[in-house]
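Q: With the hints as constraints, model all of the structure from the sequences given.
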Amino acid sequence: MRKNDCKASRMQSRIRLLTFLFTLLFVFALPIAANVLDDVKRVTIVNSDISVREALDEVKKQIGGALMYQSDIINDKIRLNLNLKNAPLNKVLNEICTPAGLQFELENGYILIVKAKERSQSNPRKKIKGIVIDEKGEPLMGVTITIEGDHSRGTITDENGRYELEASPYDLMVFSYIGMKKEYVTPRSDTEINMAMQENAKMLGDVVVTGFQTISKERATGAFDIIKQATLDKPSTTIADRLVGRIAGVQASTTADGDISFTIRGQGTLQSDKEPLIVVDGFPISTGFSSINPNDVESISILKDAAAASIWGARASNGVIVITTKKGKKGKGLTVAVDAQVRIGSKTDIDYLRNMLSSEEVVEYQRNTFGTYQGLAKYPPSNPNSATLGDAFQYRYTQAGVLYNKYKNLNEISESEYNAGLAALAQLNNKKQIEDELLRRPVYQQYNITLSGGSERMDNYVSLLYGYDITRYQKNNSQNFQFDYRGNTKLLKWLDMSISATARYKKSNQSGASSGEITDLAPYDMIRNTDGSYADMSYLKQYADGVNSVLNQFTNFPYSDWSYNIAREVNGRDITNKTLNGRFQVGFKATILEGLTFDTKFQYEYVQQDTRNLSSDDTYDVRNTINMYSTLDWDTHKATPNIEKGAILRENKYTTDAYNWRNQINFNRTFAERHAINFVGGIEVSQNKAKSRTFAPIYAYDDEYLTSYPIQNIKVEDIYGNKDSYINTRSSFSYALQRYFSAFANLAYTFDDKYSISGSYRTDASNFISDDPKYRYSPFWSVGFSWNMTNENFMESIHWLDYLRPRITYGRNGNANTTTSMYPLIEMMGIGRISEVPYARFTAYGNPAMSWEHTNTVNIGFDWSMFHGKFYGKFDFYNKKGTDIMADVSVPIASGQFIATDQIAITGARITANAAEITNRGIELELGSSLPIGKGVHWNGNVTLAYNKNKVDKFYVNYIDKSDMLSPTAVAGYNIYGLWAYRYAGLTEVNSSTSGSGKSKVPAVYIDKEGNTSPINSIPAEVDGRDALEYMGTTVAPWTIGMSHSFSYNEWELSFTMTGKFGHKFRQTTFNYADPLTSIPNRQYSQLSDEGVMPMPTDKAIALGTYASFAPYMDYNVKSANNVRMQELSLSYSVPKRILNRWGISRLTCYLQGNNLFTIKATDEDPEYSYGSFRLQPTYTIGVKFAY
2 MRKNDCKASR MQSRIRLLTF LFTLLFVFAL PIAANVLDDV KRVTIVNSDI SVREALDEVK
62 KQIGGALMYQ SDIINDKIRL NLNLKNAPLN KVLNEICTPA GLQFELENGY ILIVKAKERS
122 QSNPRKKIKG IVIDEKGEPL MGVTITIEGD HSRGTITDEN GRYELEASPY DLMVFSYIGM
182 KKEYVTPRSD TEINMAMQEN AKMLGDVVVT GFQTISKERA TGAFDIIKQA TLDKPSTTIA
242 DRLVGRIAGV QASTTADGDI SFTIRGQGTL QSDKEPLIVV DGFPISTGFS SINPNDVESI
302 SILKDAAAAS IWGARASNGV IVITTKKGKK GKGLTVAVDA QVRIGSKTDI DYLRNMLSSE
362 EVVEYQRNTF GTYQGLAKYP PSNPNSATLG DAFQYRYTQA GVLYNKYKNL NEISESEYNA
422 GLAALAQLNN KKQIEDELLR RPVYQQYNIT LSGGSERMDN YVSLLYGYDI TRYQKNNSQN
482 FQFDYRGNTK LLKWLDMSIS ATARYKKSNQ SGASSGEITD LAPYDMIRNT DGSYADMSYL
542 KQYADGVNSV LNQFTNFPYS DWSYNIAREV NGRDITNKTL NGRFQVGFKA TILEGLTFDT
602 KFQYEYVQQD TRNLSSDDTY DVRNTINMYS TLDWDTHKAT PNIEKGAILR ENKYTTDAYN
662 WRNQINFNRT FAERHAINFV GGIEVSQNKA KSRTFAPIYA YDDEYLTSYP IQNIKVEDIY
722 GNKDSYINTR SSFSYALQRY FSAFANLAYT FDDKYSISGS YRTDASNFIS DDPKYRYSPF
782 WSVGFSWNMT NENFMESIHW LDYLRPRITY GRNGNANTTT SMYPLIEMMG IGRISEVPYA
842 RFTAYGNPAM SWEHTNTVNI GFDWSMFHGK FYGKFDFYNK KGTDIMADVS VPIASGQFIA
902 TDQIAITGAR ITANAAEITN RGIELELGSS LPIGKGVHWN GNVTLAYNKN KVDKFYVNYI
962 DKSDMLSPTA VAGYNIYGLW AYRYAGLTEV NSSTSGSGKS KVPAVYIDKE GNTSPINSIP
1022 AEVDGRDALE YMGTTVAPWT IGMSHSFSYN EWELSFTMTG KFGHKFRQTT FNYADPLTSI
1082 PNRQYSQLSD EGVMPMPTDK AIALGTYASF APYMDYNVKS ANNVRMQELS LSYSVPKRIL
1142 NRWGISRLTC YLQGNNLFTI KATDEDPEYS YGSFRLQPTY TIGVKFAY
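In our numbering, the protein residues as written are 2 to 1189.
Since the hints were derived computationally from the structure, they do not count as laboratory data.
Everything numeric in this text was worked out from a predicted model, so none of it was measured.
Do not take every clue at face value.
Straight-line alpha carbon distances no greater than 25 Å define the calculated SDA-like cross-link-like pairs of lysine to any residue that follow [to be verified]:
1) Lys494 <-> Asp159
2) Lys963 <-> Ser273
3) Lys542 <-> Asn430
4) Lys871 <-> Thr45
5) Lys348 <-> Ile261
6) Lys1101 <-> Tyr419
7) Lys491 <-> Leu335
8) Lys1002 <-> Gly1012
9) Lys229 <-> Tyr419
10) Lys602 <-> Arg458
11) Lys182 <-> Gly874
12) Lys1186 <-> Ala231
13) Lys654 <-> Gln739
14) Lys654 <-> Asp546
15) Lys579 <-> Asp658
16) Lys952 <-> Ser964
17) Lys1120 <-> Asn1157
18) Lys955 <-> Gly1034
19) Lys955 <-> Met823
20) Lys963 <-> Ile1042
21) Lys229 <-> Thr288
A: As structure tokens, this is what we get:
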């Protein structure tokens, strides 16, 4: 009892002490508090994300402490955006208290903060109405408005963002929307409350569009990523640019021309489509990124795992990229936006493209090599006849080779003339002529104008794009016109209609120039003579002296000029490509009940491509074709033409028309604020029909008078004496039809904003899958679970953690192989030379048991956000198991459908069947930040890291030819993109008839795991490639890194994106062991001084061609392909709105951007753009964005 008395006594003493201290504080505070509301008293709080408690404490600090509140009345979930500079105290307090459902009172000169509704509990309810918009002023549909503490009252905004709700003056109204910060307000005396909601950075984008539905990230269980408008707003010529380096697990491959393809979470197929499915506004498209106006894209969702992508069923194994386009805004006046940009590329790096020694070095190599490593030229032009005429076209020597042949074999020139000729070649350099005649600096211009707006019942969006592209080749250019329209109309109170249309027309003009034509030139091959005339470059096509010796003997040859010149060829070709792409969508949405709607949508897509190739008779191609089909009479030396002289016109046409029709039920509703249900279900039918036609060539075509010379499909005798030769007068055709039927359903349920479960089911059928229902109708499904831990009571004390959500999914997707069929496929081959009747061949024998490819995926991940969105990220682990993968597998010869090689005894027979398995396993990490780092300076950063391990688990073939494994190929137990190489075993001694000692040392390689070797020219055919070659690694990077950062200061923004690829290999370019008669040595000649590299041969025991065919595939040429690239560096300036408002302009932004600025790599050679090809070079873009 005494113990309790002591406790009570101590408690009373503490209460008396606290009362005394409070009274003392109150007395001393009176002089301060007496004037706290005086207008002279000013407060400054500038913070875009501050809690109510923090704001009140800051006020208390600035006014000297004359403010008090009870801790339990403060709602810590409410965040404020305050921009108050030297503001009156009463205004500051109103800004803080009103959203929090609080009020302030002055009692005895002291500020007390109390609950607003405690002031009057008897106030009657009144109708509150208003409109809810986002930061851009656009209405938000589906915003939930509730009364704090009263779950019986609530509503949602309509399609115009409007709402009505009954509330008392001091009720706390709560506005919530997926992807937005919650907003709080008390009505007080207002009857109309309009709310502008802000994006919630810590929720990481938060609205996932799957193509069938839009769902909050908090309720989605799958693995996905979102590219938002801030990123998409940066200048780009294709929307694919915006994905590079920004998404973990999405690896980009870019050609030297800038075309980009993507792989999501590794490759899971061998023969089927490897690209992700691209969906625009709910429907797949067949024309890729090129048909999408990058200025029209609102957001992009990347669906990675089964739960995210399984709704797409048989087309989802490779991932899905869902693109949502911009639309007009209801109730908003006309908005005009203009974007103009010019991109300037770098001049072609000719030295990298040609990769050759200098003329002097080439001549020195050829001089030292002639006659040492190969025999003399075989062509003797003396006593020319039909046989030697064929030789003339067979032997195409370099200029130095021609000199050597004339000197050593034909005795047509003396040694001094030979040496003088080589010396003259050594002084020549055609680099400038190539730049002037064939290449130029690429320039691209793009202009886009957008008009958007709407009334209360209708919105419209129109965009017009024009692009003009001058490519790196002379005479090559293209023009692109695109029109897009999207509109939404409220036909009835319960019925909405949406329409969209895209029309794109592209016309490109080409000369047919190619990199191969340039790399065929030796550095001393001049294009123009010193007088400016075309140089005779016939040595690139034929042995000119031999051809001319024949021409000189015959009369009536159609063309006496049989010469070739690359610039003349380019100028004589006129190739035009025209592409017309149209896409139309229409949809109706009927509201049946609250939250329950029915959608019917239809899309039609049409693509037409026409190619017109007109070659004048100034081209070698035309003159050679017409001359070749002349009949020669060797007795009378008369040539009889079978084709009239003149230009040749070649044309082809390709068309695709496709449709999709989908009917879908949608249900999205929240019950009692704790049970959220999102359901979609429906059926879809689609068809894709492709036709192509290659027209027969039109000879002697006159483009001015539109005349031509008819050719009969009859046998003729050509210049070689072939009497059963046919002039090409046939047209060819192709036709392909794909039909799909799908039924689908997806359900997501969330309880109390904490626990979410999802499930989906889809079945697909197609006309190219087996007739057997057990194969044709394949189920694709998924299940998933996520837990929003931060909404748990036990997490409330962890204030620094905004968001933590673990999730797990499992499911099955599919893929379709359209390269084969369950039915036999045949190809018409033309008319038989002997039978003189049409004939055909089987391209596939058909597989009646062919089914879908399947991919089972498990995904475990979690998302988080900390310190009010300042740091956020996600982590995922996945395991993708592909089964029933189509592959050419070995079977007994009696069952085979085609033979792998002519050596049937070794290779056996193979069939195409669902018989392989592939696993992709990996991790993905994304880290983001949004931080103020100085006065007026803000930093947004994003770093992605991904690892993928790919393995072919099952793929049975009894034999793999060594040559088949020299390019990345699938082998059981290894990566799909495995790189295999011969193990160099040094030199070995062999018998040689060309060596004085009868022996010669030649390169050897290991041919099995036991260490047995073989000379490179005599490897036994029966040796399997898996024994003779060694696995060196993968050519596709297992590790990828992306870094995107932006720094903003007032109206300036600086941003950059870098990517890194690590852990893969590539074959570096090796010395080409050039035959001096026919080819040019490359710059890797110095490699021969390295130990462990095949040296030049000591005699003619093995031809240089054999060296050249083995050298690139030796193990010593495999190097690290690690690289880091500066993908983009951008600087922009936006004119302040206070200036623009004077002229009614809403935006004016100027920008400068550089792309592909530099690469850090392990070798001088770029691992993704090998020597002898165009490499990706820097481009620079300048532009302006303007809106009013």
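Q: Is Lys602 close enough to Arg458, meaning Cα to Cα at most 25 Å?
A: holds (20 Å)
Q: Are the Cα positions of Lys491 and Leu335 separated by 25 Å at most?
A: holds (19 Å)
Q: Hint check: Lys1120 vs Asn1157, CA-CA at most 25 Å. Holds or violated?
A: holds (23 Å)
Q: Starting from Lys182, check that the Cα of Gly874 is at most 25 Å away, please.
A: holds (18 Å)
Q: Would you check the hint for Lys955 and Gly1034, treating anything up to 25 Å between C-alpha atoms as holding?
A: Roughly 18 Å separates the two Cα atoms, so the pair holds.
Q: Is Lys963 within 25 Å of Ile1042, Cα to Cα?
A: With Cα atoms ~34 Å apart, Lys963 and Ile1042 exceed 25 Å; violated.
Q: CA of Lys1101 to CA of Tyr419, is that 25 Å or under?
A: Roughly 23 Å between the alpha carbons, so the hint for Lys1101 and Tyr419 holds.
Q: Is the straight-line distance between the alpha-carbon of Lys1002 and that of Gly1012 25 Å or less?
A: Since the Cα atoms of Lys1002 and Gly1012 sit roughly 19 Å apart, the hinted pair holds (cutoff 25 Å).
Q: Does the structure keep Lys654 and Gln739 at a Cα separation of 25 Å or less?
A: Holds, at about 20 Å.
Q: Lys348 and Ile261 were given as a pair; does the straight-line alpha-carbon distance stay at or below 25 Å?
A: holds (21 Å)
Q: Has the given pair, Lys955 with Met823, been kept, meaning a C-alpha gap of at most 25 Å?
A: holds (22 Å)
Q: Under the criterion that the straight-line Cα-Cα distance not exceed 25 Å, is the pair Lys871, Thr45 satisfied?
A: holds (23 Å)
Going through the hint list in order, the structure does not satisfy hints 9, 14, 20.
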